[in-house]
Amino acid sequence: MQTIHKKLSEKTQSIELVIGTFVISTVLFGIYMFTNKNANVLVFAFPFVVSALLLNAIMLFHLTGRFVKLYDERKDIAVKILQLLSNLAIYFLYYTIAMKL
5 MQTIHKKLSE KTQSIELVIG TFVISTVLFG IYMFTNKNAN VLVFAFPFVV SALLLNAIML
65 FHLTGRFVKL YDERKDIAVK ILQLLSNLAI YFLYYTIAMK L
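Residue 75 in our numbering sits at position 71 of the sequence shown, with consecutive numbering throughout.
There may be inaccurate statements among the hints.
[What the hints assert, rightly or not] Pairwise CB distance ranges, derived in the manner of DEER restraints:
1. Lys104 to Val72: 22 to 32 Å
2. Lys73 to Ala102: 17 to 27 Å
3. Leu57 to Thr16: 20 to 30 Å
4. Asp76 to Phe52: 12 to 22 Å
5. Leu92 to Ile35: 16 to 26 Å
Since the hints were derived computationally from the structure, they do not count as laboratory data.
Where is the CB? At the ideal position from N, CA and C, for every residue including glycine.
Please take these sequences and the hints and turn them into a complete structure.
Below is the structure:
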């Protein structure tokens with residue numbers, strides 16, 4: 005019974021990371037925009053952004069390694085990699101909007 009739970013947990017870690025970092029970054033971006041670009045929000049959000057980018061990079065390398073090793077699960081792993089990369093693109097979009105406005 006424990007092996008099934010462990011296997012399911014390993015499969016959902018990347019999805020949980022993507023959704024969690026997306027939600028938190030969206031909330032921080034919304035707070036920044038609604039507080040009329042208060043610099044204090046940027047000071048609070050900067051450590052999260054750095055740690056989220058680091059965690060996403062680690063997960064990207066992990067998924068890439070699994071993509072190479074696990075031939076049978078490539079389709080699922082490719083979807084997770086694309087979700088992770090789209091999350092990074094959203095971070096870049098938030099950054100560009102915050103710096104241009």
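Results for each hint:
1. Lys104 to Val72: 22 to 32 Å: violated (38 Å)
2. Lys73 to Ala102: 17 to 27 Å: This hint is violated: roughly 38 Å between Cβ atoms.
3. Leu57 to Thr16: 20 to 30 Å: For Leu57 and Thr16 the Cβ distance comes to about 21 Å; the hint holds.
4. Asp76 to Phe52: 12 to 22 Å: violated (36 Å)
5. Leu92 to Ile35: 16 to 26 Å: holds (21 Å)
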